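Chains A and B supply the protein sequences, listed in that same order. Numbering-wise (the working numbering), the first sequence opens with residue 1 and increments by one. Numbering-wise (the working numbering), the second sequence opens with residue 1 and increments by one.
Since the hints were derived computationally from the structure, they do not count as laboratory data. Quantities reported herein were computed from a predicted structural model and do not represent experimental measurements. Glycine included, C-beta positions come from ideal geometry on N, C-alpha and C. Be aware that a few hints might be false.
The calculated DSS-like cross-link candidates involving lysine-lysine, where the alpha carbons are at most 27 angstroms apart (straight line), are [what the hints assert, rightly or not]: (1) K108(A) / K57(B); (2) K57(B) / K38(A); (3) K108(A) / K70(A); (4) K70(A) / K3(A); (5) K57(B) / K98(A); (6) K3(A) / K38(A); (7) K38(A) / K16(A); (8) K98(A) / K38(A); (9) K3(A) / K13(B); (10) K98(A) / K70(A); (11) K13(B) / K57(B); (12) K16(A) / K98(A).
If the Cβ cut is set under 7 angstroms, some of the chain A residues that face chain B in the computed set are [claimed, not checked]: (13) R28; (14) D29; (15) Y33; (16) P41; (17) L45; (18) F47; (19) R51; (20) F54; (21) S95; (22) D97; (23) G100; (24) S101; (25) E102.
Derived, one-sided and incomplete: chain A residues facing chain B with beta-carbon distance under 10 angstroms [said to hold, decoys possible]: (26) E26; (27) T30; (28) T31; (29) F35; (30) Q39; (31) R63; (32) K70; (33) E96.
Each chain, written out:
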Amino acid sequence: AQKVTQAQTEISVVEKEDVTLDCVYETRDTTYYLFWYKQPPSGELVFLIRRNSFDEQNEISGRYSWNFQKSTSSFNFTITASQVVDSAVYFCALSEDKGGSEKLVFGKGTKLTVNP
Amino acid sequence: KAGVTQTPRYLIKTRGQQVTLSCSPISGHRSVSWYQQTPGQGLQFLFEYFSETQRNKGNFPGRFSGRQFSNSRSEMNVSTLELGDSALYLCASSWGQGYGSPLHFGNGTRLTVT
Numbered sequence: 001a002q003k004v005t006q007a008q009t010e011i012s013v014v015e016k017e018d019v020t021l022d023c024v025y026e027t028r029d030t031t032y033y034l035f036w037y038k039q040p041p042s043g044e045l046v047f048l049i050r051r052n053s054f055d056e057q058n059e060i061s062g063r064y065s066w067n068f069q070k071s072t073s074s075f076n077f078t079i080t081a082s083q084v085v086d087s088a089v090y091f092c093a094l095s096e097d098k099g100g101s102e103k104l105v106f107g108k109g110t111k112l113t114v115n116p
Numbered sequence: 001k002a003g004v005t006q007t008p009r010y011l012i013k014t015r016g017q018q019v020t021l022s023c024s025p026i027s028g029h030r031s032v033s034w035y036q037q038t039p040g041q042g043l044q045f046l047f048e049y050f051s052e053t054q055r056n057k058g059n060f061p062g063r064f065s066g067r068q069f070s071n072s073r074s075e076m077n078v079s080t081l082e083l084g085d086s087a088l089y090l091c092a093s094s095w096g097q098g099y100g101s102p103l104h105f106g107n108g109t110r111l112t113v114t
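Just chain B, same shape as in the assembly (with noise of 0.2 angstroms):
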């Protein structure tokens, strides 16, 4: 069984650019998770999909938005980025069955921002 797939592994971007990261979960799972991963902040909550619709949002500027397809493939975009916005971003799929649920994580998207 396939895990989760991310896609870029690697990225370099200008500051003011932005950005899209792609995500396909586990097949069969409804739920799509995205984390941000720095070595100041550590893992960071950015949002979470199901059936499409999100579920929660973390603390994240307006810049930060991610979207969820009907075949439970998610995108995550950044606009204008910035400096800061280098990270690991690290989805992660589940069978939706809500809180508790174990968290099966991809390999990441690493993002350097110039």
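Chain A with its partners taken away, still in its complex shape (with noise of 0.2 angstroms):
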């Protein structure tokens, strides 16, 4: 069965240290796509990236970067000189292809505080 793991429940930093997120997962499909999300006080949850199982580079997107390795099932989620407006509740999840849904299985989640 699918599952996703964020073991980290609550982290805070101080603003401008960096931070990683982590994210463990289980599927048994060879083919499945990895997300992360950002859901700040406002409650909505905002997209940050999608990956495909077959694709194992890193990204790089500003401060945000995210470390995929299928040998160890983890997504993990790094913040470079965390700012205040960091802070927020980050949630990783997984999307199996079964008949085309989109259903997604989320962690439950890391709150994130970055103190100034």
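Taking the hints as your guide, dock the two standalone chains into a single complex.
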């Protein structure tokens, strides 16, 4: 069965520190997608990145970077030089090819607090 | 471009009542999904609609139902409300290209059952 584990429930850092959010997933499929979403206090989930199971290249977008390792079933997210605006709950999610459904299985989320 | 719009933002209901939540997807999006978010269970998939047809359904009792209209707008209904139904209900839309599509979420409807 598909499962996503975010072991870190809460992380607190001081502004400008680097922080890594961990995500470990379980799936029996060879074809799947992984996602990261950000949920600020306003409530909506904001899409950050999507990664296909066949693409293990790491990705960098500004201060954000993602490390995908199939060998350890991990898809970790690093924020470099964190800022107060990065404070939010971050969710990792998995999507498998089940009849074309777009269903996402989410981890429990990691609440990140960046203090000034 | 307007995002996903959910109404109402907040709702207070009494046990045993029923409730209808509304979701207007991003213009052009044909797929709408619903998720329930609670502190204990996290984000759980309720159902997904594409072109007015339910494409997938989560493990929720039959009290939870939904539908999608020809303009892609969607509604979900919860009948005979229970205290445990108190949650943030999130709607998401996409172009409907199938698995792997990035979902765009609304701000949610916070339902409180007393």
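Fill in: Proposed interface contact between R28(A) and chain B, which counts if any beta carbon pair is under 7 angstroms
Status violated, d = 15 angstroms.
Worksheet item: Between K57(B) and K98(A), does the CA-CA distance stay at or below 27 angstroms?
Response: holds, 12 angstroms
Worksheet entry | F35(A) as an interface hint toward chain B, with CB separation required under 10 angstroms | At 7 angstroms from the nearest chain B Cβ, F35(A) passes the 10 angstroms test, so the hint holds.
Discussion item. A closest beta-carbon separation below 7 angstroms is what the hint needs, so does S101(A) meet it against chain B?
Written reply: holds, 4 angstroms
Discussion item. Take the shortest C-beta to C-beta distance between E26(A) and chain B; is it under 10 angstroms?
Written reply: Not OK, violated: E26(A) not within 10 angstroms of chain B, min 16 angstroms.
Worksheet entry | Given hint Y33(A) near chain B, where the shortest CB pair must fall under 7 angstroms | holds, 4 angstroms
Worksheet item: Quick one, is the R63(A) hint okay against chain B at 10 angstroms, beta carbons?
Response: violated, 20 angstroms
Practice prompt. Take the C-alpha atoms of K98(A) and K70(A), compute the straight-line distance between them, and say whether it is at most 27 angstroms.
Written response: holds, 20 angstroms
Discussion item. Under 10 angstroms is the threshold here; is the Cβ of T30(A) close enough to any Cβ of chain B for the hint to stand?
Written reply: Cβ of T30(A) sits 13 angstroms from chain B, so the hint is violated.
Practice prompt. Let me know if the C-beta of S95(A) comes in closer than 7 angstroms to any C-beta of chain B, holds or violated.
Written response: With a closest approach of 5 angstroms, the S95(A) hint holds.
Discussion item. Restraint: E96(A) near chain B, CB-CB cut 10 angstroms. Satisfied or not?
Written reply: holds, 7 angstroms
Discussion item. Holds or violated: K98(A) and K38(A), Cα atoms, limit 27 angstroms.
Written reply: holds, 25 angstroms
Hint compliance for this structure: hints 9, 12, 13, 14, 16, 19, 20, 26, 27, 31, 32 are broken, all remaining hints hold.
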